[in-house]
Amino acid sequence: NAGVTQTPKFRILKIGQSMTLQCTQDMNHNYMYWYRQDPGMGLKLIYYSVGAGITDKGEVPNGYNVSRSTTEDFPLRLELAAPSQTSVYFCASSYSIRLAGGGTDTQYFGPGTRLTVL
Amino acid sequence: GDSVTQMEGPVTLSEEAFLTINCTYTATGYPSLFWYVQYPGEGLQLLLKATKADDKGSNKGFEATYRKETTSFHLEKGSVQVSDSAVYFCALSDGGATNKLIFGTGTLLAVQP
Chain A
34 NAGVTQTPKF
44 RILKIGQSMT
54 LQCTQDMNHN
64 YMYWYRQDPG
74 MGLKLIYYSV
84 GAGITDKGEV
94 PNGYNVSRST
104 TEDFPLRLEL
114 AAPSQTSVYF
124 CASSYSIRLA
134 GGGTDTQYFG
144 PGTRLTVL
Chain B
10 GDSVTQMEGP
20 VTLSEEAFLT
30 INCTYTATGY
40 PSLFWYVQYP
50 GEGLQLLLKA
60 TKADDKGSNK
70 GFEATYRKET
80 TSFHLEKGSV
90 QVSDSAVYFC
100 ALSDGGATNK
110 LIFGTGTLLA
120 VQP
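Chains as they are written, first to last, in this note's numbering: chain A, 34 to 151; chain B, 10 to 122.
Hints are computed from structural coordinates only; laboratory data are not their basis.
Even for Gly, the Cβ is constructed at its ideal location relative to N, Cα and C.
Each hint should be verified, as a subset may be incorrect.
[Stated by the list, open to error] Just so you have them, the derived chain B footprint on chain A, three or more residues with Cβ under 8 Å:
1) 44–52
2) 83–94
3) 116–129
Please put together the full structure from these sequences, using the hints given.
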């Protein structure tokens, strides 16, 4: 049981390049999330998904896209990289059965991807 | 909107010292509260949580009590070890269907032998 895995661990991009950050979980969790962590700041939610085929924007979605074609995978796409997207990106997953209320489910995080845009 | 404020670091302690990391929150509803820990080079791990007022979360010698009257969730440990060196994040979930977390900025703890 690997939990949440992310690739790559590190990446340097030039301005305007595109890339996909991969995230896979093997816990059969229905909810998945992408966060970014900037120096001296807390994690900010980029996008999330409550199940295959369902995605929604978080707090800072501009410049990113996601898809969720399977339960296991939740890739994050950067189309035109900008220096402001230099950050550490974390993927997380949780199992939630409620439709409303609660918010107590533990989120499990991957090890992160450190991205630098020059 | 909802927010979390935690004390800035770094916090540097000697082994066996007492630890307190302050965390306060602002929320319109009745959030659940969490402490996550990030060891060097790793992702975040849940350390403890509390889901309602006066609940105490505890794990690995760490404790935090959900104080609604002071909107606080301070993390404490009676005797820290070098292995506790990490970044600690306080977070809340507003209880919505999305289970989203709102994080504080993190506090770096460095424990010296």
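(request) Would you check chain B against the region 116–129 of chain A, counting CB to CB pairs closer than 8 Å, and say if three or more residues qualify? (result) Since three or more residues must qualify, the claim that chain B covers the region 116–129 of chain A holds, with 4 doing so at under 8 Å.
(request) Count the residues of the region 83–94 of chain A whose CB lies closer than 8 Å to any CB of chain B, then report whether that count reaches three. (result) holds (count 3)
(request) Please count how many residues of the region 44–52 of chain A have a CB within 8 Å of a CB from chain B and say whether that reaches 3. (result) violated (count 0)
Hint 1 from the list above is the single one not met by this structure.
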